[in-house]
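Number of protein chains: 2
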Amino acid sequence: MRIAVDAMGGDHAPKAIVHGAVEAARASKGRFEVVLVGDRDQIETELQRHFNIKQLNISVEHAAETIEMHESPTTALRRKKNSSIGVAIQLHKEGKVDAVVSAGNTGAVMASSLLGLGRIKGVARPSIGSFLPTPEGVCLLIDVGANVDCKPQNLLQFAIMGSIFFGRLFDIEKPKVGLLSIGEEESKGNEVTIRTHQILKQNSHLNFIGNIEGRDIMQGIVDIAVCDGFVGNIILKFGESIFHTFSASLKEKIGKKIHSKIGALLLKSSFRLVKKNYDWEEYGGVPLLGINGVVIICHGKSSPKAILNAVLEAEKTVEAEVNTYIKRELEFSGE
Amino acid sequence: MRIAVDAMGGDHAPKAIVHGAVEAARASKGRFEVVLVGDRDQIETELQRHFNIKQLNISVEHAAETIEMHESPTTALRRKKNSSIGVAIQLHKEGKVDAVVSAGNTGAVMASSLLGLGRIKGVARPSIGSFLPTPEGVCLLIDVGANVDCKPQNLLQFAIMGSIFFGRLFDIEKPKVGLLSIGEEESKGNEVTIRTHQILKQNSHLNFIGNIEGRDIMQGIVDIAVCDGFVGNIILKFGESIFHTFSASLKEKIGKKIHSKIGALLLKSSFRLVKKNYDWEEYGGVPLLGINGVVIICHGKSSPKAILNAVLEAEKTVEAEVNTYIKRELEFSGE
Chain A
1 MRIAVDAMGG DHAPKAIVHG AVEAARASKG RFEVVLVGDR DQIETELQRH
51 FNIKQLNISV EHAAETIEMH ESPTTALRRK KNSSIGVAIQ LHKEGKVDAV
101 VSAGNTGAVM ASSLLGLGRI KGVARPSIGS FLPTPEGVCL LIDVGANVDC
151 KPQNLLQFAI MGSIFFGRLF DIEKPKVGLL SIGEEESKGN EVTIRTHQIL
201 KQNSHLNFIG NIEGRDIMQG IVDIAVCDGF VGNIILKFGE SIFHTFSASL
251 KEKIGKKIHS KIGALLLKSS FRLVKKNYDW EEYGGVPLLG INGVVIICHG
301 KSSPKAILNA VLEAEKTVEA EVNTYIKREL EFSGE
Chain B
1 MRIAVDAMGG DHAPKAIVHG AVEAARASKG RFEVVLVGDR DQIETELQRH
51 FNIKQLNISV EHAAETIEMH ESPTTALRRK KNSSIGVAIQ LHKEGKVDAV
101 VSAGNTGAVM ASSLLGLGRI KGVARPSIGS FLPTPEGVCL LIDVGANVDC
151 KPQNLLQFAI MGSIFFGRLF DIEKPKVGLL SIGEEESKGN EVTIRTHQIL
201 KQNSHLNFIG NIEGRDIMQG IVDIAVCDGF VGNIILKFGE SIFHTFSASL
251 KEKIGKKIHS KIGALLLKSS FRLVKKNYDW EEYGGVPLLG INGVVIICHG
301 KSSPKAILNA VLEAEKTVEA EVNTYIKREL EFSGE
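Read top to bottom, the protein sequences are chains A and B.
The numbering of the first sequence is our numbering, which starts it at 1 and goes up by one.
The numbering of the second sequence is our numbering, which starts it at 1 and goes up by one.
Here chain A stands alone, though its shape is the one from the complex (with noise of 0.2 Å):
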């Protein structure tokens, strides 16, 4: 297997990207290659960093130019015709990788694997979905942020994606899926909730639990959270920055009191412990659902460790074959 990395996409790239690649091939133990792809002088120095990079599996792929984190996708895509990404999304269209992972601008990546690989046979709309902490795992909140105003029809095929890839990733056989909305009853919702609930709960493949609402997302309840990618960026956003403010809102008030200080030392380990559980790098990053490869999309400010864990999620992802079952189940649902 080999994995294709964009060593030039994300906030602290090339280094934490490599950094997170080199560790990856350390990890692997041979079961993968690592492609980086980008500035081939760059990534070569980065690697010089690291220790015992000749026995590693680590490959590198040119590519001249490089998509910024702020530059319009579509036009960053025209004009650059050999940017990291471009190039690396066309080696798995060639079949000389099995997955890309990236931590660079998300509507690039989106729409050169919508260019580059094309939609599974049934897909009508790709998806991406983010996993969410819960007391003791993780949900997978689908659609995040790529296809607003959705039909019924799309709503049901992100929750079946969903549902495949999150019962494949941690060998789950029915995981549990909830329509996201502002009541428990069936009746409640907007107009294309309360039509989407009746086709899902039609669907007999799905382990369909019923709405859900927003108290219950974090709540470990259900495995998938369906809405459209407005809401689903929305939430997204809102839960990221709410820690922020908590943290920082904390840190203000222990100011400089000497108790508080000391409170907050003997706090270290505790705190450290439940950052880890809300910490979004220890999931990786999230897959473009829909789409025909495997594509790893990561935060802009991914570090070392959660490239690290995107390449071995891409890694299951393949193993899995999570995209044949998709395949399968959506090929004749027709667009």
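Don't read these hints as lab results, they were simulated from the structure.
Nothing here was measured: the structure is a model prediction, and the numbers come from that model.
It is possible that some hints are incorrect.
[To be verified] Calculated pairs, BS3-like style, for lysine-lysine (alpha carbon to alpha carbon, straight line, at most 27 Å):
#	chain 1	residue 1	chain 2	residue 2
1	A	Lys237	B	Lys201
2	B	Lys176	B	Lys327
3	B	Lys176	B	Lys237
4	A	Lys268	B	Lys257
5	A	Lys251	B	Lys253
6	B	Lys237	A	Lys176
7	B	Lys81	A	Lys188
8	B	Lys251	A	Lys261
9	A	Lys151	B	Lys237
10	A	Lys256	B	Lys268
11	A	Lys80	B	Lys188
12	A	Lys257	B	Lys268
13	A	Lys253	B	Lys305
14	A	Lys201	A	Lys121
15	B	Lys237	A	Lys201
16	B	Lys251	A	Lys257
17	B	Lys261	A	Lys253
18	A	Lys81	B	Lys188
19	B	Lys188	A	Lys301
20	A	Lys316	A	Lys121
21	B	Lys151	A	Lys237
22	B	Lys251	A	Lys256
23	A	Lys188	B	Lys80
24	A	Lys261	B	Lys256
25	A	Lys261	B	Lys268
26	A	Lys96	A	Lys305
27	A	Lys251	A	Lys268
28	B	Lys257	A	Lys253
29	A	Lys251	B	Lys256
30	A	Lys257	B	Lys253
31	A	Lys54	A	Lys305
Using the hints, position chain B against chain A.
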């Protein structure tokens, strides 16, 4: 001024409600009278728990029935003609009180307000907002549940009503209004928000600063965040749950380790300050905007303090003539 308090509505009614009403009467220093509405016997028993009641400006209006929290609003209102909320709204309709405060079944409060008091001329849909904490104050998220599937014109009215309420309540001349979406650019969002952006931009009475994202809600960059009730309700419940999840998680990690326990003790005052910052009880309640009257809706879990603050908010809303300003602004806007 007379302010009716629904003594029977809320998870901790009548005890917590009567307690809060007594505190409000003490705080009023004769500026207003508190009218407790509900079962006379129960209310009087509760009143006797407090000192010097005779010197306070409190009266009781009997209402034989109570709408429970779990009841279907429409059915309950039809069957229980003498419910505490129904009687309170009737008093308001007859001009015998100037405002109503209730922590009861939100649906029932809304329905009886709408039926009993009607909408302000020009208002297509009355709306509930909710205060969310920011580093140095609050942000009014509007709508949070009354209205799903909104048109741009509805969202414009939420922005106007929210802006008038916030401005009058906190003496701010031009409160900042943001439209909740998935990107700052005006082209970002779903169909409704993209069209709403245009009409908000054209309204010269609003201080519209543009789209905001989920992460911006609690940063203090806007005073009013506009969204439909589907999104608002999910955000609100998700946000409430995060704090609980976070605290529970921290408590669990602290566990029984002695140094962690000492640390927690030393940090107690800092934790309390943060909690105070993020405590909805500080804000008491939120008005149902756009109806012919002043109705403050409180959280079902309201404590005496929340009720006290809600009554003071009702006083301020009446005094500041919020409805006169809403009427002036929307009277000729058509529906």
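Now for the hints, and whether the structure bears them out:
Distance hint between lysine 237 of chain A and lysine 201 of chain B is fulfilled; the C-alpha atoms sit about 24 Å from each other, no more than 27 Å. In summary, the hint linking lysine 176 of chain B to lysine 327 of chain B is supported, as the alpha carbons are separated by about 21 Å, within the 27 Å threshold. Of the supplied pair hints, the one linking lysine 176 of chain B and lysine 237 of chain B holds, its CA atoms being roughly 24 Å apart against a limit of 27 Å. Restraint check: the Cα-Cα separation between lysine 268 of chain A and lysine 257 of chain B comes to about 12 Å, which is no more than 27 Å; the hinted pair holds.
Restraint check: the Cα-Cα separation between lysine 251 of chain A and lysine 253 of chain B comes to about 19 Å, which is no more than 27 Å; the hinted pair holds. Of the pairs offered as hints, the one joining lysine 237 of chain B and lysine 176 of chain A holds, with about 21 Å between alpha carbons and a cut-off of 27 Å not exceeded. Among the hinted pairs, lysine 81 of chain B with lysine 188 of chain A is consistent with the structure: their alpha-carbon atoms are about 26 Å apart, no more than 27 Å. A threshold of 27 Å between alpha carbons decides the hint, and for lysine 251 of chain B with lysine 261 of chain A the separation of about 19 Å falls inside it, so the pair holds.
Restraint check for lysine 151 of chain A and lysine 237 of chain B: satisfied, since their Cα atoms lie roughly 24 Å apart, inside the 27 Å limit. Our distance criterion of 27 Å between C-alpha atoms is met by lysine 256 of chain A and lysine 268 of chain B, whose separation comes to about 15 Å. Between lysine 80 of chain A and lysine 188 of chain B the alpha-carbon distance is near 24 Å, which keeps this suggested pair within the 27 Å criterion. For the given pair, lysine 257 of chain A sits about 12 Å from lysine 268 of chain B by alpha-carbon distance, which is consistent with the 27 Å threshold.
About 23 Å separates the Cα atoms of lysine 253 of chain A and lysine 305 of chain B, which keeps this hinted pair within 27 Å; it holds. As the CA atoms of lysine 201 of chain A and lysine 121 of chain A are separated by approximately 24 Å, the hinted pair is consistent with the 27 Å bound. Between lysine 237 of chain B and lysine 201 of chain A the alpha-carbon distance is near 24 Å, which keeps this suggested pair within the 27 Å criterion. Restraint check for lysine 251 of chain B and lysine 257 of chain A: the C-alpha separation of about 22 Å stays at or below 27 Å, so the hint holds.
For the proposed pair lysine 261 of chain B and lysine 253 of chain A, the alpha carbon gap of about 19 Å is at most 27 Å, so the pair holds. As the CA atoms of lysine 81 of chain A and lysine 188 of chain B are separated by approximately 26 Å, the hinted pair is consistent with the 27 Å bound. Our distance criterion of 27 Å between C-alpha atoms is met by lysine 188 of chain B and lysine 301 of chain A, whose separation comes to about 22 Å. At roughly 22 Å between alpha-carbon atoms, lysine 316 of chain A and lysine 121 of chain A fall within 27 Å of each other, so this suggested pair holds.
The suggested pairing of lysine 151 of chain B with lysine 237 of chain A holds, with an alpha-carbon distance near 24 Å, which does not exceed 27 Å. With a C-alpha separation of about 24 Å, the suggested pair lysine 251 of chain B and lysine 256 of chain A falls inside the 27 Å cut-off, and the hint holds. With a C-alpha separation of about 24 Å, the suggested pairing of lysine 188 of chain A with lysine 80 of chain B holds against the 27 Å cut-off. A C-alpha spacing of about 21 Å is found between lysine 261 of chain A and lysine 256 of chain B, which places the hinted pair at or below 27 Å, so the restraint holds.
Proposed proximity of lysine 261 of chain A and lysine 268 of chain B is supported: the alpha carbons are some 12 Å apart, at most 27 Å. Pair hint lysine 96 of chain A plus lysine 305 of chain A holds up; C-alpha atoms about 25 Å apart against a cutoff of 27 Å. A distance of roughly 12 Å separates the Cα atoms of lysine 251 of chain A and lysine 268 of chain A; the hinted pair therefore holds under the 27 Å criterion. For the hint pairing lysine 257 of chain B with lysine 253 of chain A, the CA-to-CA distance comes to about 24 Å; that is within 27 Å, so the pair holds.
A hinted pair counts as satisfied when its Cα atoms are at most 27 Å apart, and lysine 251 of chain A with lysine 256 of chain B qualifies at roughly 24 Å. Taken as a hint, the lysine 257 of chain A and lysine 253 of chain B pair is honoured in the structure, with Cα atoms around 24 Å apart against an allowance of 27 Å. Between lysine 54 of chain A and lysine 305 of chain A the CA atoms are separated by roughly 21 Å; this keeps the pair inside 27 Å, and the hint holds.
Comparing the model with each earlier hint shows no violations; every hint is respected.
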